[in-house]
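On the provided structure of chain A, position chain B as indicated by the hints.
Protein sequence lines correspond, in order, to chains A and B. So in my numbering, spot 440 of the first sequence is number 471, and the numbers just go up one at a time. So in my numbering, spot 426 of the second sequence is number 443, and the numbers just go up one at a time.
To be clear, the hints were calculated from the coordinates, so they are not data collected in a lab. From a predicted model like this one, the values you see are computed outputs, not experimental measurements. We put the beta carbon where it would ideally sit given N, CA and C, even for glycine. You may find that some hints are simply not true.
Simulated restraints, written as ranges between beta carbons of each label pair [as the list claims (entries may be wrong)]:
1) A:G368 <-> B:E457: 57 to 67 Å
2) B:D426 <-> A:D470: 33 to 43 Å
3) B:S430 <-> A:E467: 34 to 44 Å
4) B:E412 <-> A:E443: 29 to 39 Å
5) B:D426 <-> A:R344: 21 to 31 Å
6) B:R408 <-> A:E443: 56 to 66 Å
7) B:S430 <-> A:R344: 46 to 56 Å
8) B:W285 <-> A:D100: 49 to 59 Å
9) B:E64 <-> A:T413: 24 to 34 Å
10) A:R414 <-> B:Q244: 25 to 35 Å
11) B:W296 <-> A:E467: 41 to 51 Å
Facing chain A, a subset of chain B residues (Cβ under 7 Å, in silico) [said to hold, decoys possible]:
12) L21
13) G52
14) L74
15) E113
16) S144
17) A260
18) A264
19) L345
20) G389
21) A455
22) S490
23) R491
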Amino acid sequence: MTILNESGIPDVLPPLHAVNGLAERLPDVLVVVVGTQADAHLVQCLPAVPSPNLPRSRRNPRVIFAVIDPGDPPQQGLLASRIVESAAGLHGTKLVLLVAGRTAGSLGVDAAFEARLVARKLDLPAEVVNPDAPRMVPGVLSTDLEDSVLATLVNLCPKRRTSDLVETASPAKRGGLFGGLLGRGIEASQSKDSRPVVLLGGALSPGAARMLAAEFSRARVEVAGAVPGLRIGELPPLGEGTVVAVMDPNLTSAATAAERRGATVVRTLMPVGVDGTARFVQDVAEEAGTRTSEVVRARSAWEDLGVLRNRIRGKRIFFTGDTGLEIPLARFLADAGAVVLEVGAPRLDRRFLAAELQALGPDVDIVVSPDYRGQTNRIDETRPDVVICSPGLHLPLVARGHLCRSPRDFLEAGLYGYGGARRILELLVLTMQRAETLDSLNL
Amino acid sequence: MKLLRGVYEGPQSYGILRLAASIRGVHALLRALPGEAYFRTLYAARERTGEMAPVTLSPLREGPDDSMAPGNLARDISGVVRRHPKTEIVILARSEASLLSEESIPVTEAEGTGRPPELVTFSWESSGMRETEAAELALEDLIRARMHDRPQRSPYPTVNLFGPPIFGPDAAAEYAEAERLLDMIGVEVNARVPLGANVGDLGRLSRAWANVLLYREIGESATLYLQDELGMPRVTTPMIGAAGTGAVLRSVGELCQLDPKSVQRTIWAELACTAKLPWYARLEPPETFQDRRVAIFGDFTYPLGLGYALAREVGLEITACGTYLTHLERDFLFHAHTFTEGAFVEDDPDEVAARIEAAKPDLLIGTHLEEGVADSLGVPFLPLCPPVIDRPFVERPLVGYAGSSVLADALDSVLQRTREEPAGEAGMQWTDGALQEAAEVPLFLRGRARRRAEERARQQGSREVTREIFLESRS
Numbered sequence: 032m033t034i035l036n037e038s039g040i041p042d043v044l045p046p047l048h049a050v051n052g053l054a055e056r057l058p059d060v061l062v063v064v065v066g067t068q069a070d071a072h073l074v075q076c077l078p079a080v081p082s083p084n085l086p087r088s089r090r091n092p093r094v095i096f097a098v099i100d101p102g103d104p105p106q107q108g109l110l111a112s113r114i115v116e117s118a119a120g121l122h123g124t125k126l127v128l129l130v131a132g133r134t135a136g137s138l139g140v141d142a143a144f145e146a147r148l149v150a151r152k153l154d155l156p157a158e159v160v161n162p163d164a165p166r167m168v169p170g171v172l173s174t175d176l177e178d179s180v181l182a183t184l185v186n187l188c189p190k191r192r193t194s195d196l197v198e199t200a201s202p203a204k205r206g207g208l209f210g211g212l213l214g215r216g217i218e219a220s221q222s223k224d225s226r227p228v229v230l231l232g233g234a235l236s237p238g239a240a241r242m243l244a245a246e247f248s249r250a251r252v253e254v255a256g257a258v259p260g261l262r263i264g265e266l267p268p269l270g271e272g273t274v275v276a277v278m279d280p281n282l283t284s285a286a287t288a289a290e291r292r293g294a295t296v297v298r299t300l301m302p303v304g305v306d307g308t309a310r311f312v313q314d315v316a317e318e319a320g321t322r323t324s325e326v327v328r329a330r331s332a333w334e335d336l337g338v339l340r341n342r343i344r345g346k347r348i349f350f351t352g353d354t355g356l357e358i359p360l361a362r363f364l365a366d367a368g369a370v371v372l373e374v375g376a377p378r379l380d381r382r383f384l385a386a387e388l389q390a391l392g393p394d395v396d397i398v399v400s401p402d403y404r405g406q407t408n409r410i411d412e413t414r415p416d417v418v419i420c421s422p423g424l425h426l427p428l429v430a431r432g433h434l435c436r437s438p439r440d441f442l443e444a445g446l447y448g449y450g451g452a453r454r455i456l457e458l459l460v461l462t463m464q465r466a467e468t469l470d471s472l473n474l
Numbered sequence: 018m019k020l021l022r023g024v025y026e027g028p029q030s031y032g033i034l035r036l037a038a039s040i041r042g043v044h045a046l047l048r049a050l051p052g053e054a055y056f057r058t059l060y061a062a063r064e065r066t067g068e069m070a071p072v073t074l075s076p077l078r079e080g081p082d083d084s085m086a087p088g089n090l091a092r093d094i095s096g097v098v099r100r101h102p103k104t105e106i107v108i109l110a111r112s113e114a115s116l117l118s119e120e121s122i123p124v125t126e127a128e129g130t131g132r133p134p135e136l137v138t139f140s141w142e143s144s145g146m147r148e149t150e151a152a153e154l155a156l157e158d159l160i161r162a163r164m165h166d167r168p169q170r171s172p173y174p175t176v177n178l179f180g181p182p183i184f185g186p187d188a189a190a191e192y193a194e195a196e197r198l199l200d201m202i203g204v205e206v207n208a209r210v211p212l213g214a215n216v217g218d219l220g221r222l223s224r225a226w227a228n229v230l231l232y233r234e235i236g237e238s239a240t241l242y243l244q245d246e247l248g249m250p251r252v253t254t255p256m257i258g259a260a261g262t263g264a265v266l267r268s269v270g271e272l273c274q275l276d277p278k279s280v281q282r283t284i285w286a287e288l289a290c291t292a293k294l295p296w297y298a299r300l301e302p303p304e305t306f307q308d309r310r311v312a313i314f315g316d317f318t319y320p321l322g323l324g325y326a327l328a329r330e331v332g333l334e335i336t337a338c339g340t341y342l343t344h345l346e347r348d349f350l351f352h353a354h355t356f357t358e359g360a361f362v363e364d365d366p367d368e369v370a371a372r373i374e375a376a377k378p379d380l381l382i383g384t385h386l387e388e389g390v391a392d393s394l395g396v397p398f399l400p401l402c403p404p405v406i407d408r409p410f411v412e413r414p415l416v417g418y419a420g421s422s423v424l425a426d427a428l429d430s431v432l433q434r435t436r437e438e439p440a441g442e443a444g445m446q447w448t449d450g451a452l453q454e455a456a457e458v459p460l461f462l463r464g465r466a467r468r469r470a471e472e473r474a475r476q477q478g479s480r481e482v483t484r485e486i487f488l489e490s491r492s
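Isolated chain A, as found in the complex (with noise of 0.2 Å):
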């Protein structure tokens, strides 16, 4: 694996435009989007799952956009005033988010007070999320603002009980701290105490939360929820002494900030293909103090690919890198016996991948920051098979003939878990296949 950064302009959708996304995700969350006109239209015009033909969205009830006339800067409270009438309209509203990022800043909207006197006056939370927020690592993914918006739910879950604490508390520490010591440590799973495990993730796919739930009662690992769930009323305990899985590589901040509140972080493979599904059950079971082996299990769903893999194997695999998720992807495509030509890495975070970037493939290049122009030449050099890439370039790209992919299709598709190993080399067997058929038409 060789890893290079091209410093250029990478082809990324605004973060922003996940709002829509969100909004439909989360039915009791009342967004509000504080910034100019340019914040609105962008986020007026990029629906909720960006395809590259970007279909019409349905208007949101619960995304209102405050607008700001930079000559007329409105006065302190003025905002949350605004949000508490509008707010009166919507039911069950369970939480407020106002999204207020770089331009709010600049025209002097003090965000954090206006969401302390939304919260105070309508007596629910109301928190901030910038979009803009700036990270350890420099660079833009279009899943950031999924991300801040993971990382504030994380701090809204309950706390656990103390006397829930008491309980584990010293078996827990001692089983996380043999495990952290040992690796696959032989102590935790003498331990007999159980940790709760909240997985992190999954913003986008609602049902990826229960499939890999589904994987880890197999394991006989009880999942205490999820992160973001599918309300906000029910989201699940988390604090010290949960173990918390992290199914997105692009969750840094969701996972600073439920190791601030002391759970345990599992450093692992994101369970994407067979061999992550595999290493993200057993390590994040060993971690909640269960001893699992998924060998087994493994290495009947790669049997089980068989005829998919044989119709993957040797197709040339091209990532320009939009959402993050192509690292873990790539990895498991790789594993599966494409050839993966290159991987597009708007932002890496190297420590938060360091178990994925272990795992990629001694052949994969990443492409740190790359360019789209100089992705699109080495596209046109190269000729791969199919490129996965962000909504920007699909249609230049199909217009130069090549097969193109959004990553967010596997979303759509549910990439986890063992099932979404299947669903991922499905998906692109049946691309290949289309073209195929396209390509005999005799027009």
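Only chain B this time, still in chain A's reference frame:
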């Protein structure tokens, strides 16, 4: 500050980029945060040609001089010049974040040299400005920048067409229809501006005898400039409906000193073959249009043009006609008052919904944001005013005689359908509590909420909608 559920216009940078992407040979450098660059994605999805938008991002970031990565403006400009050798004009557009950050824009060597590529910057850019106004001013500046040679008037009659920029609904088809009609009366189109023009065309505008404005929102200042500077007359009547189109053709004929009889002959010929709106108005029994109320909302040209055509040529009652272009308020109200009492200017979708609801229309013509209102009121809807998000592969013009037929078809389908609809069941009673709850529902959802509540009440065998039934139907 306003709390809105949607916006009709984008920011000023978006208007400038739309304009820049319409003219060949122009490349825009957008100074913005990395998270503000969505134009390329939109361009790919809306145009569906497979071409990349002629827009490059110059990301606004800390310490741009620490590395050779993009971010240093001067370097990014030379990068554009190097990467796009055929570019003749480089436009510098600044996003809201860039304008609010108050960074100073360095003057580079490329500026003002007159050698290609020329760098055009806009001193009027401000963060409060909207898309349409910015596009209008940018077009004028671009034309001013190319007014070096001013070639002589062409020996035969020609006109410039000032139409919509890219993403306009069926924009290319609008130009094509106007050009077809002008060609029939013997007037050649010197240039289509901005869509379909190249940089060279901008310098040759002075060849034309007159300017025809298909889309006044974008061409207004540019044509006024040409009128003041070169004395070029302009035709501003919207070319919508058969009467509007005829008026434009006659004015052009006059300005180009054509024989009025021959122009009239062409108009008659077209009326006989292509223009179906007058024919439709005559064919349908008067009851179809009698007491039918229409609400129209949109930009400037389309609501006014459609308002004239529907009120005069078809005989529908226009109970509301509005625009979201607040900077054109006086002009709009002046024209709209000639055919309706309900003219208004409003850029908040909820207020627009309230105005439309108050006008009690039987048909709503508007932008994509009004679709929900029509749905909520249960009236047919025609998305004929920009912004619209449908992107058909086959474009159908709304201007000219062919456009009048498109309009006739659209009217025929919706007016027919409502006539066939069974009369609604007898009105259901609402308790005060239920009415109070309904009043809190956002306007554009209210009609649907009412219908669902009544349906629920019927299912439960209740004769009235109570607060409980209403809340149940919403959960």
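Given G389 of chain B was flagged as interface, is its beta-carbon under 7 Å from a beta-carbon of chain A? 6 Å, holds
Would you check whether L21 of chain B satisfies its interface hint, that is, whether its CB is within less than 7 Å of any CB in chain A? At 5 Å from the nearest chain A Cβ, L21 of chain B passes the 7 Å test, so the hint holds.
Determine whether the Cβ-Cβ distance between S430 of chain B and R344 of chain A falls within the hinted range of 46 to 56 Å. 53 Å, holds
Taking 33 to 43 Å as the hint, is the beta-carbon distance of D426 of chain B and D470 of chain A inside that range? Taking Cβ atoms as reference, D426 of chain B and D470 of chain A lie about 37 Å apart, which means the hint holds.
Do the beta carbons of S430 of chain B and E467 of chain A sit within 34 to 44 Å of each other? Holds, at about 40 Å.
Double-check R491 of chain B for me: the hint is only fine if its C-beta lies closer than 7 Å to a C-beta in chain A. Cβ of R491 of chain B sits 6 Å from chain A, so the hint holds.
At the C-beta level, are W285 of chain B and D100 of chain A separated by a distance inside 49 to 59 Å? 52 Å, holds
Confirm or reject the claim that D426 of chain B and R344 of chain A have a C-beta distance inside 21 to 31 Å. 53 Å, violated
Falls inside 41 to 51 Å, the C-beta gap from W296 of chain B to E467 of chain A? Since the Cβ atoms of W296 of chain B and E467 of chain A sit about 50 Å apart, the hinted range of 41 to 51 Å holds.
Restraint outcome when E113 of chain B is required to lie within 7 Å of chain A by C-beta distance: It holds, given that the least Cβ distance between E113 of chain B and chain A is near 4 Å, below 7 Å.
Evaluate the given range 56 to 66 Å for the C-beta pair formed by R408 of chain B and E443 of chain A. 22 Å, violated
Per the hint of 29 to 39 Å, is the separation of the Cβ atoms of E412 of chain B and E443 of chain A within bounds? Cβ of E412 of chain B to Cβ of E443 of chain A: about 31 Å, so the range 29 to 39 Å holds.
When held up to the earlier numbered hints, the structure conflicts with 5, 6, 10, 17, 18, 19, 21 and 22 and fits the remainder.
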